[in-house]
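Engineer: In order, the protein sequence lines correspond to chains L and P.
If you count by our numbering, then the first sequence holds residues 10 to 191, one letter each, in order.
If you count by our numbering, then the second sequence holds residues -2 to 98, one letter each, in order.
Simulated from the structure, these hints should not be mistaken for lab results.
C-beta atoms are modelled at their ideal positions from N, C-alpha and C, and glycine is treated no differently.
Watch out, some of these pointers could steer you wrong.
[Unchecked claim] Quick look at which bits of chain L chain P covers, simulated, 3 or more residues with Cβ under 8 Å:
1) 21 to 34
2) 45 to 51
3) 58 to 64
4) 103 to 112
5) 115 to 124
6) 133 to 143
[As the list claims (entries may be wrong)] Simulated coverage check for chain P against chain L, where a stretch passes if three residues somewhere in it have a Cβ under 8 Å from a Cβ of chain L:
7) 16 to 29
8) 44 to 52
9) 65 to 78
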Amino acid sequence: MAVAFWILAVVSVAAGIAVFVVDSMARATFALLASLLAVGLAFLLIDLEYLGVLIILMMVMEMLVMAVFMIMYMMNPAGLMPMKMVHNHRAAMIISAAVFVLLVAGIFLTSWPPRGGEPPADPTHQLGLAVMGPKMLVMMVIGVAILATMISTVVLATHRGRYARYGDDLERKRPLDPGEES
Amino acid sequence: MPLEAFLVLAAALFSVGLYGALSQQSIVMLMMGLELMINGLIVAGGAFWYFLAPGSADGQVLVLVAVTVMALEMAMGFAVVTALFRAREVDMTDDARDLKG
Chain L
10 MAVAFWILAV VSVAAGIAVF VVDSMARATF ALLASLLAVG LAFLLIDLEY LGVLIILMMV
70 MEMLVMAVFM IMYMMNPAGL MPMKMVHNHR AAMIISAAVF VLLVAGIFLT SWPPRGGEPP
130 ADPTHQLGLA VMGPKMLVMM VIGVAILATM ISTVVLATHR GRYARYGDDL ERKRPLDPGE
190 ES
Chain P
-2 MPLEAFLVLA AALFSVGLYG ALSQQSIVML MMGLELMING LIVAGGAFWY FLAPGSADGQ
58 VLVLVAVTVM ALEMAMGFAV VTALFRAREV DMTDDARDLK G
């Protein structure tokens, strides 16, 4: 089990680093997928079968959708030139290394409390009872957030139609013709 | 395989994501960094549930929220990039610094 965890941990972090190293944004998406899948598999080691499988299924779909968008905005189609598109590389390295050291120091210096209770026989059952009972507010907020995201993504991403042609304050005398830029 | 091992994995994923979020010029690559950071939070949430408080479902609910946030972040991010690209043909953070103080 420990061996499996360390293999998954190394795969996950290595794939995470690969996201920012590989030469194509499509490859970066699949590297991120590998990192997420390793995390999902690691969840199977700590009895979280439902959440592990949920992460795996959800992230496979999410990354496939993401790959389409990545190809849409790809800066380096077909890997024709080396992809180097970073700014502030040095400061970002220093900051993230410092954050890592700080977090690891915190992890080992904190005296963690003893384990409260034992894992239930079926953690999925426990989660189901929680989200349909005392934690229902969380689920309701998630539901509203998903709805709000669906509406706002459509609003943001649609082509500006005739209602946009009068300008932001609807004060343009003559509406712009379709396709005409303001 | 103690709690610390899981938390170190979480910290490593978070830091790699932070590097990406700070350094990438392309907005969509910046979002990959944010996804990696949330990935770290998911690992930490699951580990806290299993090693510290398996008696209550709080950790599992937290993971559920983080997974949802991950999906919503991606959807909103791509919508914003699409809107920005439609308006200005811009997909780089350096060209979208209107709010820089």
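Engineer: Next step is simple, just say for each hint if it's right about the structure.
Structural biologist: Here's how the hints hold up against the structure:
1. 21 to 34: holds (count 7)
2. 45 to 51: Holds, because 3 residues of the segment 45 to 51 of chain L bring their Cβ atoms closer than 8 Å to Cβ atoms of chain P.
3. 58 to 64: Answer holds; 3 residues pass the 8 Å Cβ test.
4. 103 to 112: holds (count 6)
5. 115 to 124: holds (count 5)
6. 133 to 143: Three-residue rule met by the segment 133 to 143 of chain L, so holds; n is 5.
7. 16 to 29: n = 11 at 8 Å, threshold three: holds.
8. 44 to 52: Holds, because 8 residues of the segment 44 to 52 of chain P bring their Cβ atoms closer than 8 Å to Cβ atoms of chain L.
9. 65 to 78: holds (count 11)
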